[in-house]
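Protein chains: 2
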Amino acid sequence: MKIIVDAMGGDNAPEEVVLGALEAVKNLDLDVVLVGNEEKIRRYITTPAPKIEVVNAAEVIGNDEPPVAAIRTKKDASIPKGMRLLKEGQGSAMVSAGSTGALMAGGLFILGRFEGVERPAIATLVPTRKKPALLLDIGANSDSKPRNLVQFAVMGSVYSREILGVEKPRVGLLNIGVEEEKGSNAVKTAYGILKGLKDINFGGNAEARDFFDGDFDVVVCDGFVGNIFLKTVEGFGSFLLDQLKTEVKGKLTYSIGALLIKPALKAVKARMDYSEYGGAMFLGLDGILIKCHGSSDRKAIFNGIKMAKQFAESDVHLKLKKALIDIEGELSP
Amino acid sequence: MKIIVDAMGGDNAPEEVVLGALEAVKNLDLDVVLVGNEEKIRRYITTPAPKIEVVNAAEVIGNDEPPVAAIRTKKDASIPKGMRLLKEGQGSAMVSAGSTGALMAGGLFILGRFEGVERPAIATLVPTRKKPALLLDIGANSDSKPRNLVQFAVMGSVYSREILGVEKPRVGLLNIGVEEEKGSNAVKTAYGILKGLKDINFGGNAEARDFFDGDFDVVVCDGFVGNIFLKTVEGFGSFLLDQLKTEVKGKLTYSIGALLIKPALKAVKARMDYSEYGGAMFLGLDGILIKCHGSSDRKAIFNGIKMAKQFAESDVHLKLKKALIDIEGELSP
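Protein chains in written order, with my numbering: chain A, 169 to 501; chain B, 169 to 501.
Wrong hints could be hidden among the right ones.
When chains are identical, the list treats them as one kind, so a pair holds in a single copy or across two.
Claimed, not checked - Think about it this way: if two alpha-carbon atoms lie no more than 16 angstroms apart in a straight line, the pair counts; the simulated EDC-like pairs of lysine to aspartate or glutamate are: (1) Lys487 with Asp311; (2) Lys350 with Glu256; (3) Lys350 with Asp232; (4) Lys208 with Asp454; (5) Lys298 with Asp410; (6) Lys363 with Glu347; (7) Lys490 with Asp454; (8) Lys219 with Asp197; (9) Lys356 with Asp311.
Honestly, the hints are just simulated from the structure, not real lab data.
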């Protein structure tokens, strides 16, 4: 199996991406195609690496570039070039830590969507008190319609069952209360559709406060809301840990406090760290695309490649496609 | 000055509410009208309290009752009864730890809205690395339109200036990116209006991740989004502190770990605790209404009464009304 990796994506590219890819070919029984500035990439391949292929890409798309324009004008950048290789079947999946917007735009233009999918979703695993829950959409789409939310539920269920091995994934709708009549118009309508679907184990509304209890395997929301949720977790987590450090430092002498609290804080941060979970996946695109965090180090890239392999080895992609076609009849009003 | 207090609202009513009110008349130079089950209320008034008046209310509206129906059918419940007293001018403001939905429904039916306000907002203070930021709306309205978001910005600005003493409150729009073209359709349109308003110190988009840096005095969002934000903070905060406790217990012996970490955790929790901030306020209703958290103890009730007094003493209510009328011309397309 061959995995295509965007060597230029993310804050630590290409060094950490190349090192993560080297680690992957060493341990995972796969080949990697690195797409990017060949000269820069080769600097970090210091010993022979027969399972690594380098494909030169003359340009890079930055995080601050308007995605659609960038995909259209920088045809030789690493993201669109890698995607064309994927489309041509020269790899089974693609991994990138680059711009989410450019990945989505490239995905739509180059890979295309599954039949009936207006909006692909981005899904990620979020830790809870029990096992991590799959949250989608986390930022691809604002103003989701009920049919989008229902498709997210279908795709999340298939993914949870086929890749994470959850037999009957319990699906929740992220909402501001547990009652059926709570929430925005789109969420209320989606609730009505979801409770009638026999292939979905719908558990009703999931309150943001209860999310971390881990009673849902899949939690579905509009991309604006999911993005706010994740970034709130990120921002508040860092704020809270800082407050705690200050508090401990104030109470004990600095050195004792730091000594005692630092390893605990570090361990908790590591447990929250999404590099552990390999990254986020685009669901609904006609191709396997894994997005690693922009600040990914070699370990996160390695885990992203591992996830891509797992995805490509299963037939979840075809099952997603089929589940979406099966549901289509229930979505047309 | 007389403050009307719903004695039956919240998990600890009427005991903690009555005790909070007794504390308030003792320390704050005001009178309190307690509305609720007179017999139960009087049990907690054990010494003469000439500054407390009790008005009997035969019913109570529970948190799980459909708000509109409850307000319509239980006319003698403490919430509608208190509001009628407020409307009649028998008090300057009302405080309740009861059902948010019932308070909003009662507010709309009994107190009425300011001219041009389709949707009153609920605002609350949220701690940050600098001073607390005013967040609104936190749950009164889903599917906010651009004009609602702009009104929230106007009301938040007036409140921040007049009550919190911030000279030129910096207003942010809660969003998934800092760029103007990011976000939902409503947010993008609101951005366009806000940047053209000369009376608002608009600072652009506020990312959820950066919220806690405290660079905004007022942060505006749809009620669904604000509620998700606050409940994520609540749920994730408790999860994170639990994780940390477990980590510390695992690394040190239980007793040493608990000894060292507990006071720090408690202090941080206290700093996050919104009983400190007195409660949330309804902005856009034609009457001063303060909502305390459902789990309020006497201190939270005391702070809610204090906030109500401060609100009533200022002329912020009239300034809010005027600011909304001033803005109306900019909102009509």
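Do the hints match the structure? See the list:
no.: 1; hint: Lys487 with Asp311; verdict: neither (27 angstroms within a copy, 34 angstroms between copies)
no.: 2; hint: Lys350 with Glu256; verdict: neither (46 angstroms within a copy, 32 angstroms between copies)
no.: 3; hint: Lys350 with Asp232; verdict: between (37 angstroms within a copy, 12 angstroms between copies)
no.: 4; hint: Lys208 with Asp454; verdict: neither (31 angstroms within a copy, 65 angstroms between copies)
no.: 5; hint: Lys298 with Asp410; verdict: between (25 angstroms within a copy, 13 angstroms between copies)
no.: 6; hint: Lys363 with Glu347; verdict: within (13 angstroms within a copy, 37 angstroms between copies)
no.: 7; hint: Lys490 with Asp454; verdict: within (12 angstroms within a copy, 55 angstroms between copies)
no.: 8; hint: Lys219 with Asp197; verdict: within (9 angstroms within a copy, 80 angstroms between copies)
no.: 9; hint: Lys356 with Asp311; verdict: both (14 angstroms within a copy, 12 angstroms between copies)
Checked against the numbered hints above, the structure violates hints 1, 2 and 4; every other hint is satisfied.
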